[in-house]
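To convert, take the position in the sequence shown, counting from 1, and add 195; that gives this note's numbering.
What the hints contain is simulated information worked out from the structure, not anything from laboratory work. One should not assume that every hint holds.
Stated by the list, open to error - Now the in silico label distances, taken between C-beta atoms and shown as ranges:
no.	residue 1	residue 2	range
1	384	419	42 to 48 Å
2	308	198	40 to 46 Å
3	514	319	29 to 35 Å
4	272	329	38 to 44 Å
5	315	353	41 to 47 Å
The beta-carbon is built from N, C-alpha and C at its ideal position, and this holds for glycine as well.
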Amino acid sequence: MNLILLLALLVGTQIGLSDGLILPTLVAEHGQGSFLAVYTLLKLLFILPVLQAELVAGRLYRVTPFEFSFFILNKTWARVFFSILLTAVILVMAINLFNTSWALMFGIDGLQGELLSLKPLDQNLYWFAQSQDISRIMIFVVAQGILLIMLGGLAWRAIAAIFLTVVPMVALFIVLSLPNIGRMLYSMEWPPLAWDDLLVAMQHALTSSMAGLLIWYVVGTNLSDRLPTGRVIIAVQSFDVLYGMAMLAISWQWISAYGIVNLDVGTLLRALTASLADTVQLPFPVAVWLFFTALVGIVSSLPLLLLVTQERHNSGQQWLLIGTVALVMALSGVLVYSHDPDSPLIWYGKPVYDYVQQLSQGLIIPFITAAIALWVGWVVWPNRVLQQVNPHGGVRYFLWRLVLKFVVPLVLGLVFVRAAASLIAVDLYQVLVFLCAFLLIFRLYSWVKQRALFPKI
């Protein structure tokens with residue numbers, strides 16, 4: 196595969212709505228510059244061995260997950276694993292379609308000037324009207340679903356062509372934003388971070404790379420063994436970090452002026468609307484932010500199609516694609532109807548959206564990622580991995596394997612436990628105590644059983 200095409204595809208799996216909508220809220224709430232520094236470090240160092248492990252696995256087996264589960268290995272556990280992977284794809288794409296629909300709706304209104312000079316009362320009426328306009332949101336959901344089915348039949352060619360167009364535009368935006376990034380970093384506070392802040396940084400570094408964590412294996416099946424994957428991954432991750440900082444440099448102005456520490460995506464967009472209350476013409480940086488939010492949102496679901504679109508023409512290829520997108524659209528519809536706090540689809544005081552997000556980003560994706568890391572780190576013969584990663588061996592390979600075998604599973608376990616705790620309404624320490632007690636009871640049971648079956652004289 197050509198290196199430029201590879202970079203375009205890999206960058207396309209990394210950039211997403213989280214860079215413009217979620218990262219600013221986390222930076223404002225969890226330590227500003229200190230949080231951003233830790234997040235950047237984790238993106239460049241912690242995610243590196245995980246993504247590289249997926250490329251290695253793809254190169255070794257040279258088949259897609261669907262082919263591996265149903266045609267190559269043909270075992271029950273492989274099919275179960277593929278079902279879990281497909282579930283993650285459906286959940287992630289449903290969230291993408293829902294969030295992108297709001298981004299498109301907000302971006303179109305903003306670029307058309309409908310957000311200008313809105314007073315506080317008018318802003319509240321605008322948000323109420325948009326939240327009640329279910330049909331408009333669903334139109335965007337359905338339109339995206341149709342687009343995904345159309346492009347899914349073209350697979351690599353269509354997705355590569357789109358990213359070869361989009362990525363240079365994003366790169367130019369990053370270059371022009373470098374002075375603003377410097378000024379933003381200078382104006383930020385750099386306080387010490389609490390343990391919870393570090394966990395949030397770990398989870399966001401993971402979830403912001405979630406599309407790559409899901410499909411880099413598929414990309415690896417088409418890679419030559421001679422490509423410098425380590426350098427490619429560092430370049431791709433650096434691109435993603437800089438894009439997030441470029442978007443943050445624009446939104447940081449109205450976030451700081453809004454004066455609220457605890458933000459969410461809705462509050463971020465309200466802060467943007469409030470910043471336009473006394474303007475009669477849309478500022479150019481805001482227009483750029485709106486444009487890239489909508490554009491990146493549209494293309495963020497495309498890489499996931501590679502998991503359900505096979506290059507080899509299997510008999511179930513078309514139905515797998517159509518069925519997956521249909522389920523994605525159905526779940527997106529559920530999210531659309533459940534986003535309102537007064538919706539009947541509220542469960543234990545939380546919208547269904549919160550559960551879908553935690554289930555996909557906090558439970559299923561860390562589980563899949565940890566499984567691949569453990570497989571490459573512990574099961575695959577070390578010499579086969581060495582040939583893929585660093586043919587000359589040495590300290591770099593030792594550190595890479597050490598992180599993949601021990602550090603990555605530990606961090607992913609913490610993210611998993613934190614998400615599970617939020618779903619069952621208990622705190623992290625209660626979950627840890629429960630796990631320790633469970634392991635102790637299991638060990639005692641094993642010991643008693645062994646003594647009962649094989650008593651020593």
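Structure-based check of all given hints:
1. Between residue 384 and residue 419, the C-beta spacing of about 46 Å keeps the proposed range 42 to 48 Å intact.
2. At about 42 Å, the CB distance of residue 308 to residue 198 agrees with the hint of 40 to 46 Å.
3. Separated by about 46 Å at the C-beta atoms, residue 514 and residue 319 break the suggested range of 29 to 35 Å.
4. For the pair residue 272 and residue 329, the beta carbons lie near 41 Å from each other, so the given range of 38 to 44 Å is met.
5. Remark: the range hint 41 to 47 Å for residue 315 to residue 353 is upheld by a beta-carbon distance near 45 Å.
In summary, the structure is inconsistent with hint 3 from the numbered list given earlier, while agreeing with all the others.
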